[in-house]
Amino acid sequence: MWTWFHRLASPPSFYRFADRLAPWLLVSGLLLIGWAVWLGLFVAPADYQQGDAFRIIYVHVPAAALSLSIYTAMSVAGAIALIWRMKLAEVAVVSAAPIGASFTALALVTGMLWGKPTWGAYWVWDARLTSELVLLFLYLGVIGLQQAYSDARMAARACAWLALVGVVNVPIVHYSVQWWNSLHQGSTLLSAEAIANPKMAPSMLKPLLLSMAGNYLFFGAVWLRRMQNGVLLRERRAKWVREIALPADLPNARPLAGGPGTAKRGDRT
Amino acid sequence: MSRLEVHQLVVSRGDRVVLDGLSFSVAAGEVLHILGRNGAGKTSLLEVLCGLRRADSGRIAPQPETRERHWVGHKNALNPSLSALENLQFWAALNGERLDDPRAALAAVGLLKPQQNRPSGQLSTGQKRRAALARLVAVPRRWWFLDEPLAGLDVQGLALFAELLGRHLAGGGAVLVTSHQPLPGELPSLRHLDLSAAA
Amino acid sequence: MSRLEVHQLVVSRGDRVVLDGLSFSVAAGEVLHILGRNGAGKTSLLEVLCGLRRADSGRIAPQPETRERHWVGHKNALNPSLSALENLQFWAALNGERLDDPRAALAAVGLLKPQQNRPSGQLSTGQKRRAALARLVAVPRRWWFLDEPLAGLDVQGLALFAELLGRHLAGGGAVLVTSHQPLPGELPSLRHLDLSAAA
Amino acid sequence: MSAAVAVFRRELRIALRRRAEWVQPLVFYGIVALLFPLGIAPESPALKVFAPAIIWVGALLAALLGVERLFRADLDDGSLEQMLIADAPLALLIAAKLAAQWLLTAAPLVLASPLLGLGLGLEPGPVAILFWSLLLGTPTLIFTGGFAAALTVGAPRAGLMLPILVLPLMTPAVIFGGGAVRAAAAGLPPDAPLYFLGALLALSLTLLPMAAAGALRNALG
Amino acid sequence: MSAAVAVFRRELRIALRRRAEWVQPLVFYGIVALLFPLGIAPESPALKVFAPAIIWVGALLAALLGVERLFRADLDDGSLEQMLIADAPLALLIAAKLAAQWLLTAAPLVLASPLLGLGLGLEPGPVAILFWSLLLGTPTLIFTGGFAAALTVGAPRAGLMLPILVLPLMTPAVIFGGGAVRAAAAGLPPDAPLYFLGALLALSLTLLPMAAAGALRNALG
Ligand code: HEM
Ligand SMILES: Nc1ncnc2c1ncn2[C@@H]1O[C@H](COP(=O)(O)OP(=O)(O)OP(=O)(O)O)[C@@H](O)[C@H]1O
Ligand SMILES: Nc1ncnc2c1ncn2[C@@H]1O[C@H](COP(=O)(O)OP(=O)(O)OP(=O)(O)O)[C@@H](O)[C@H]1O
Ligand SMILES: [Mg+2]
Ligand SMILES: [Mg+2]
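These protein sequences, in sequence, are chains A, B, C, D and E.
The numbering of the first sequence is numbering that gives the first Met the number 0, which starts it at 0 and goes up by one.
The numbering of the second sequence is numbering that gives the first Met the number 0, which starts it at 0 and goes up by one.
The numbering of the third sequence is numbering that gives the first Met the number 0, which starts it at 0 and goes up by one.
The numbering of the fourth sequence is numbering that gives the first Met the number 0, which starts it at 0 and goes up by one.
The numbering of the fifth sequence is numbering that gives the first Met the number 0, which starts it at 0 and goes up by one.
What the hints contain is simulated information worked out from the structure, not anything from laboratory work.
Only a predicted model underlies this, so the values are computations on that prediction, with no experimental measurement involved.
Take the hints with a grain of salt, since some may be wrong.
Straight-line distance between alpha carbons at most 20 Å, and here's what the computed DMTMM-like set of lysine to aspartate or glutamate pairs gives [claimed, not checked]:
1) C/Lys74 to E/Asp75
2) A/Lys115 to A/Asp51
3) B/Lys74 to E/Asp75
4) C/Lys112 to C/Asp99
5) B/Lys74 to D/Asp73
6) B/Lys74 to D/Asp75
7) A/Lys115 to A/Asp18
Heads up, incomplete: computed chain C residues facing chain B, CB under 7 Å, no partners named [claimed, not checked]:
8) Ser24
9) Ala26
10) Arg36
11) Gly38
12) His73
13) Ala150
14) Ser178
15) His179
16) Gln180
Only some residues are given here: those of chain B computed to face chain C with a beta carbon under 8 Å [claimed, not checked]:
17) Gly38
18) Gln126
19) Arg129
20) Ala150
21) Gly156
22) Ala158
Every residue gets a Cβ at the ideal spot worked out from N, C-alpha and C, and that includes glycine.
Make a model of the complete structure from these sequences and hints.
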């Protein structure tokens with residue numbers, strides 16, 4: 000197990016492993032999301048209080064849950080990067096940040112859209128909402144910090160430190176509904192007790208769970224792809240990258256100049 | 000520890016490899032004068048040896064201990080608001096060293112009372128360099144890593160430095176030093192290491 | 000203007016008088032090598048001559064005009080985020096000069112394409128110094144005021160500098176330069192000015 | 000004049016070395032705006048009362064944080080020396096530097112202020128006044144900050160005069176700026192404070208670069 | 000340990016020599032504090048509601064402006080290099096630096112807070128809580144700022160990065176600090192937020208210097 004882990008951590012084998020895994024994650028994720036959307040929009044009944052507005056839950060809740068999970072994952076990867084100086088983990092941190100920021104933004108936007116009909120305002124300075132906004136800024140901080148350094152390795156390790164320290168905000172977001180009397184509703188789904196005996200009608204719950212699973216898989220696929228790009232860019236001078244990224248019958252072809260746009264796997268013909 | 004061995008050292012800056020598999024060794028009592036064109040990697044090498052920068056690969060054995068080495072880099076490590084004396088005392092306290100007579104150390108590099116007490120931001124280039132070199136006198140340590148210590152020193156400064164160097168070597172110390180000018184003084188145990196790769 | 004005369008110049012730093020009634024003159028085609036112990040006031044003198052610092056009294060006649068003089072001080076005037084090329088172009092624009100071929104000027108001091116385009120914070124000490132000296136090549140001006148221009152230059156750099164200097168003097172320029180090492184190259188019109196007052 | 004243009008473009012170039020640099024000020028203001036509501040109860044009506052003050056404090060902060068670095072880097076690397084002896088009036092160069100600074104740090108705030116204002120619960124009328132007051136007031140803040148930075152960059156002792164010199168310029172900008180918005184919110188004409196802001200603006204644009212140039216020369220000479 | 004003491008004493012000594020840099024943040028803090036009471040009608044109840052936020056944001060500003068230059072000077076003159084390779088744990092040295100910073104920038108504010116609080120119309124009960132919450136919270140602010148400064152000091156063009164990193168990290172302290180005072184003002188027990196502040200304090204005093212040390216080593220290596 001440990002040796003397997005070690006081998007996987009080497010960039011070329013990770014690259015090939017991810018290459019095989021990512022398409023499966025992507026396809027299954029999209030299928031699940033599609034199924035959930037169909038069930039959620041056309042099969043599930045309208046809510047007796049909120050009418051059809053509640054259906055935004057199928058986007059909001061998975062996005063919000065992912066926004067927290069991704070930050071947590073980043074900090075775990077960050078810890079690995081800092082303790083074992085593992086390059087792959089460094090790449091993992093910086094490639095997760097933009098995805099996390101997107102999901103956070105999505106959670107915020109869907110939340111705001113949902114807030115208008117239910118609370119009568121797009122935005123209130125409520126603890127849950129505010130701390131989620133802080134989370135977005137933390138993600139943006141990671142992205143900005145990465146760009147502030149000219150050395151990719153240093154940048155990634157700085158981001159890892161930030162991810163580690165910033166993770167204190169994650170429990171604050173999650174428990175904000177309990178610690179402050181909040182407008183936002185409490186955890187009815189995402190807690191151990193709630194999973195044991197759900198309070199939601201099964202026809203509404205099922206699409207939600209499907210959508211959750213689909214989004215996680217989708218995230219996995221995107222993360223792997225971004226990590227692949229990151230690894231290629233980092234290792235652009237290594238032999239294995241040239242073998243992958245350059246046509247074999249062009250021996251004089253120059254190594255990749257770098258830049259995210261050039262490091263695509265599609266270059267192999 | 001009387002010998003420092005460096006094996007197959009690889010050091011890169013940004014994404015260029017600056018030192019590509021460098022090996023050498025230095026023994027007690029020796030001066031290693033590191034030469035090389037501008038950008039050859041002299042500063043980078045010393046920084047790696049001092050533990051200020053990580054090498055990509057290679058081995059340094061035994062890595063000199065903190066309390067056994069001196070580092071005087073391009074920068075003098077003088078806070079401009081504090082005097083040369085205060086800076087020296089702070090440096091000693093930082094390293095847990097006791098200074099018996101810091102003023103004597105400063106005088107040994109040619110900084111007299113008025114220059115010792117003035118905020119070091121008000122010293123001239125060469126005077127600042129001397130204040131940095133005073134650390135070598137104030138606390139005896141076996142390994143000296145010096146990056147262009149002669150920069151800015153006047154003729155008298157060079158003579159003082161030559162004297163210091165001679166005393167240090169006689170006492171069994173070793174020196175790794177970069178400099179674009181020849182080292183002053185009689186140095187029987189002088190060896191050269193030329194890094195002249197084009198940058 | 001083909002002669003710079005300095006009369007009874009008095010310059011003080013803080014409340015100490017550093018130069019106390021200095022007089023000398025420099026003519027076109029000459030090099031004045033300013034010598035002196037650390038802290039003798041060489042940098043202060045050049046700064047006064049360039050208009051960066053006020054003299055307490057004395058006369059400089061005629062004060063060289065901005066567009067007629069070059070100043071390369073201890074500091075290189077390179078913004079670390081900008082490349083050597085961009086720094087050179089900015090300097091030219093600041094002074095209303097047009098550069099025909101800035102890249103050639105950088106190449107003339109030994110900075111090739113990769114070093115021209117890299118953020119100058121990522122250059123080595125000697126490479127930075129060269130980037131500063133490129134200003135001398137890029138824009139011809141009659142008066143050069145150079146404060147330790149040789150600091151950090153390698154052997155090839157010294158040779159390049161000697162060449163520059165020779166060409167400048169042949170063209171009727173004049174140079175006031177401080178340096179603790181002898182100036183490189185054949186300089187028939189070299190004169191010395193020794194400020195060696197104890198500081 | 001072309002020298003001033005060169006300084007302006009250089010500042011922008013240094014700042015824009017990084018992709019997406021322009022997002023930074025916006026994120027910054029977002030965070031500042033968010034801080035205040037955090038300190039108080041969520042839907043307190045006090046928020047609305049304080050909205051202009053909050054936004055003005057954001058502008059003040061940006062002015063402070065940005066100009067602090069303004070001369071420091073140039074002093075350290077020696078570029079400032081070259082500017083001092085360049086064949087161009089120093090005051091003009093400083094004005095160009097400050098203008099670039101305004102564009103980079105304050106202009107985004109001015110543009111985003113309507114959004115921030117609405118987010119903090121202001122009505123559209125006062126929001127428009129907020130926008131204009133910021134447009135008139137932020138250059139004063141930046142120029143005053145630049146002057147303060149020039150004073151402190153070289154001469155340690157001059158700094159003690161700082162409060163005396165800076166307070167009379169910065170406080171009025173902030174007070175009148177807030178005042179204009181409050182007047183608008185109360186349905187009163189906001190012209191008087193706006194005129195005052197305009198006067199301050201004219202004063203600071205013309206006088207402060209010269210004062211800063213003098214301070215810098217004095218600090219380094 | 001004696002190395003940490005040396006760092007602490009050096010910081011104080013430098014600060015006393017460079018009083019100008021000192022006055023600047025205080026002046027600006029003064030402007031901010033002045034601005035709020037002036038900004039609204041004298042007896043508006045809004046002021047009272049906002050008092051804790053004003054004081055807390057003031058503390059935050061002081062922390063932010065102060066840490067900006069925390070490592071910069073040492074980086075420039077090379078002292079930081081010597082600290083990195085000194086025979087003393089870097090985290091300890093950083094903690095000493097930050098402790099000195101707290102004493103210089105935050106302690107005066109903590110001491111003045113009762114006065115400020117009463118001046119802004121708070122009752123004595125909440126004022127006491129305000130004092131304690133600041134005492135517990137300001138070290139967290141300074142240490143967080145120090146960590147962010149360590150992250151950005153090596154970056155060639157950090158721009159507004161520092162405040163962007165600092166402010167979100169500081170929000171928890173502001174949330175709990177404001178919360179405690181609000182609870183006290185509402186007659187509720189303020190223990191819970193104070194405990195949180197205490198926990199944050201313990202966390203940041205122990206962990207952040209280590210994180211800052213790691214970040215610094217990374218930024219310079
Ligand atoms: C901008 C506004 C909003 C933001 C930033 C936001 C944020 C979040 C976050 C971060 C979570 C995940 C919490 C966790 O995993 O611990 C969440 C969950 C949830 N949100 Fe929102 N939300 C917003 C508005 C709304 C609105 C208006 C509603 C509906 C009235 C809503 C309903 C929900 C529900 C039902 C959950 C799942 C809670 C559970 O059972 O665990 N949200 N929201
Ligand atoms: N921060 C950096 N990022 C990227 N490359 C750098 C950086 N600093 C230096 N370099 C490059 O690394 C190489 C080695 O630099 P180094 O400073 O070690 O040279 P050096 O031998 O000390 O030169 P000098 O004689 O000029 O002092 C140079 O080519 C330089 O351009
Ligand atoms: N800012 C200052 N305030 C007060 N005195 C200063 C200041 N800067 C330099 N001095 C003093 O002025 C004298 C002349 O300094 P200057 O830098 O001109 O010497 P220099 O001849 O260039 O020396 P070096 O050979 O070391 O470069 C020195 O004694 C120095 O200590
Ligand atoms: Mg070097
Ligand atoms: Mg000098």
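Hints and how they fare:
1. Pair hint C/Lys74 plus E/Asp75 holds up; C-alpha atoms about 13 Å apart against a cutoff of 20 Å.
2. At roughly 14 Å between alpha-carbon atoms, A/Lys115 and A/Asp51 fall within 20 Å of each other, so this suggested pair holds.
3. Of the pairs offered as hints, the one joining B/Lys74 and E/Asp75 holds, with about 8 Å between alpha carbons and a cut-off of 20 Å not exceeded.
4. For the suggested pair C/Lys112 and C/Asp99, the alpha carbons sit about 17 Å apart, so the restraint of at most 20 Å is met.
5. For the hint linking B/Lys74 to D/Asp73, the alpha-carbon distance of about 18 Å falls within 20 Å, and the restraint holds.
6. In summary, the hint linking B/Lys74 to D/Asp75 is supported, as the alpha carbons are separated by about 13 Å, within the 20 Å threshold.
7. Of the pairs offered as hints, the one joining A/Lys115 and A/Asp18 is violated, with about 43 Å between alpha carbons and a cut-off of 20 Å exceeded.
8. Interface restraint check: C/Ser24 against chain B, minimum CB-CB distance 25 Å, threshold 7 Å, status violated.
9. Taking 7 Å as the C-beta cut-off, the interface hint given for C/Ala26 is violated, the closest approach to chain B being about 27 Å.
10. Below 7 Å, beta-carbon pairs count as interface contacts, and C/Arg36 has one with chain B at about 5 Å; its hint therefore holds.
11. The beta carbon of C/Gly38 comes within 4 Å of a beta carbon in chain B, closer than 7 Å, and the hint placing it at the interface holds.
12. Proximity of C/His73 to chain B holds as hinted, the smallest CB-CB distance being about 6 Å (cut-off 7 Å).
13. Taking 7 Å as the C-beta cut-off, the interface hint given for C/Ala150 holds, the closest approach to chain B being about 5 Å.
14. Annotation: interface hint on C/Ser178 violated; nearest CB of chain B at approximately 10 Å, more than 7 Å.
15. Annotation: interface hint on C/His179 holds; nearest CB of chain B at approximately 5 Å, less than 7 Å.
16. With its C-beta approaching chain B no nearer than about 6 Å, C/Gln180 sits inside the 7 Å limit, and its interface hint holds.
17. Because the smallest distance between the Cβ of B/Gly38 and any Cβ of chain C comes to about 4 Å, under 8 Å, the interface hint for this residue holds.
18. Nearest Cβ of chain C to the Cβ of B/Gln126: about 5 Å, under the 8 Å cut. The hint holds.
19. Satisfaction of the interface hint for B/Arg129 is found here, the shortest Cβ-Cβ separation to chain C being roughly 7 Å, below the 8 Å cut-off.
20. Interface restraint check: B/Ala150 against chain C, minimum CB-CB distance 5 Å, threshold 8 Å, status holds.
21. Because the closest C-beta pair between B/Gly156 and chain C is about 6 Å apart, less than 8 Å, the hint holds.
22. Annotation: interface hint on B/Ala158 violated; nearest CB of chain C at approximately 12 Å, more than 8 Å.
In summary, the numbered hints that this structure violates are 7, 8, 9, 14 and 22.
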